[in-house]
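Colleague: If you want the building blocks of each chain, they are given just below.
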Amino acid sequence: MEENHVIIAVSIFIATYGIIISEKIHRTSVAMFGAVIMLMFHVLNQEAAIDHIDFNTIGLLIGMMIIVGITRRTGVFEYMAIKSAKIAKGDPWKIIVLFSIITAVASALLDNVTTILLIVPVTLVITDTLEMNPIAFLIPEVLVANIGGTATLIGDPPNIMIGSAAKLGFMDFIVNLLPVVVIIFIVTMFILKILYKDSLSTTEEAKLKILSMNEKIAIKNELLLKKSLSVLFITILGFAFHESFGFESATVALTGAAILLLISKVEPEEIFVEIEWTTIFFFMALFILVGSLEEVGVIETLAEKMVDLTKGNLFVTAMLILWVSAIASAFLDNIPFVATMIPLVKGIGAMSTMSIMPLWWALALGACLGGNGSIVGATANVVVSGMLEKHGNRISFIDYLKIGFPMMIVSVAIASVYLIVFYL
Amino acid sequence: MRKYVNAEAMQHAMKLLQLGAKVQQFNGKMCYVEFEIDGHKLEYAYNINGKNQYFLERIKPYPLPLKAFESEKDVVEIIKIDMEQYKNAIKSKNIDQFIEISSEMNIVLRKFEDLFLYYNISKEKADKMKEHIFKVEEIIDEIQKDSKRVNFLKEPDNLKTDI
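Each protein sequence line maps, in turn, to chains A and B. According to this note's numbering, the first sequence holds residues 1 to 424 in order. According to this note's numbering, the second sequence holds residues 1 to 163 in order.
Think of the hints as simulated: they come from the structure by calculation, not from any bench. Misleading hints may appear alongside valid ones.
BS3-like, lysine-lysine: derived pairs with alpha carbons at most 25 Å apart [claimed, not checked]:
(1) K125(B) with K148(B)
(2) K3(B) with K220(A)
(3) K226(A) with K22(B)
(4) K83(A) with K22(B)
(5) K346(A) with K193(A)
(6) K86(A) with K193(A)
(7) K15(B) with K83(A)
(8) K209(A) with K60(B)
None of these values were measured; they are calculated from a predicted model.
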């Protein structure tokens, strides 16, 4: 009976992940179907399935989506974009640098897909005004969104999952990942500067059009802006100190969301409809799928094999996790990958004497930075590609790969050096 | 899909604000309604939204903005009346000619708009045009007087019936 369960669980898991990777059917539909099939075959019961859902991750995602959903209505992103373009006096490279800084910081504090959805529309308005091809602006934004998101607990869904599973707080991520992320950001911008050298030009007339734009009228509701930014600031402060007060990160995010809903007086229905429920249900289904493998002991076996393979050597294990995560995340969805890796890393910790803390950082760096490797590597990349196509500019898989993949290799190489010097 | 729509709406709003517009965006549903009556297509489009305003437009056989209504019931009612009127009109042997004339009038209206937007028109020429329009109106009134009314579902929106 138990062996049957192992075969059933592994078969359902592989079939589900295979269909998710093929992208023939929406990933949420497939994951939910896979999860309920696990229940139907009694691989685990409903109570156990619910126990496997990490509601800290779910709560954190929902809380931040509500805060961003209200804040975006204020026009603050439009304001920052116009202001930055004017500070740059319409100079394309300076605009790219300023927008990249905004994107990286925003991506560290918000989810990077949300950041991309906020920065890309305003970038397209600026590039239309400059009468320039937006691709040169959007590729840096995608790259730095994934890089910036690596720096914090809330910046990228894999970090949220890792933080929740490993009980790592906001400040743990800041202290351990922010320094290397800053270095990777600077190196990336330096390489982009060389790549774009002399190829960015616009007319003086277009620059004047930028200077004539009025950033103040972009702010749609000043009072709401003050309320939103205050709550966002308090929430981030809450993340910084949540462990000291004994709160989970989801408690902080949901508190911020509840306060903002209350004081903004925005119709909750209008905000809730903007929450990405497909992502939320995808996460919940993934937790059940991976939980099923845990229930039947597959993850434990995989962890044993991994320890055998690396002979319990921390350096080899960390490098393996970093590079395998990066290459896998370059072409596959990093969320299901990380969901599977988390119990595996926990298993390695349980059956070996090594400290698994560096392994969490290796997983976070690999999974988040790996997303830059190809146009399908991260949801943010896919979103930009879709928006570009709608705008009449197409970026092919190969065109992106030529820039994204080497950039990803450089960033993971920097991450390797960082891990070796400070942790291994 | 929603995220792409939101992103595009954000771009539109940003551009329109810079043009000096006041922009309001709200969630709603776009409805397309299609009838096929004896081989003639009759199509409408309207928007349902939280602001309780329904912007109804006929798309086929020729485009015509109908009205902004206050309730969903009004929209269905006006479509029903319009459709019934068409059912009657389609029975007429002149239906094809009627649709042709209506379409031609739409084209004339658009050409007239282009003329004023793209050219500097003298007052004499504008007066001449006005004169012709009055003549068309006179013909319509004349035909109305000489013809038997066949549709009493509601009073016409633009023709006087007490003449």
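Colleague: Indicate, hint by hint, whether the structure satisfies it.
Modeller: Now the hints, each set against the structure:
With a C-alpha separation of about 37 Å, the suggested pairing of K125(B) with K148(B) is violated against the 25 Å cut-off. Between K3(B) and K220(A) the alpha-carbon distance is near 20 Å, which keeps this suggested pair within the 25 Å criterion. Simply put, K226(A) and K22(B) have alpha-carbon atoms about 21 Å apart, close enough for the 25 Å limit, and the pair holds. Taking the CA atoms of K83(A) and K22(B), the gap is near 20 Å; set against the 25 Å cutoff, the hint holds.
At roughly 41 Å between alpha-carbon atoms, K346(A) and K193(A) are farther apart than 25 Å, so this suggested pair is violated. Distance restraint check for K86(A) and K193(A): the Cα-Cα separation of roughly 20 Å lies within the 25 Å cut-off, and the hinted pair is therefore satisfied. For the hint linking K15(B) to K83(A), the alpha-carbon distance of about 15 Å falls within 25 Å, and the restraint holds. Straight-line distance between C-alpha atoms of K209(A) and K60(B) comes to about 41 Å, which puts the hinted pair past the 25 Å bound.
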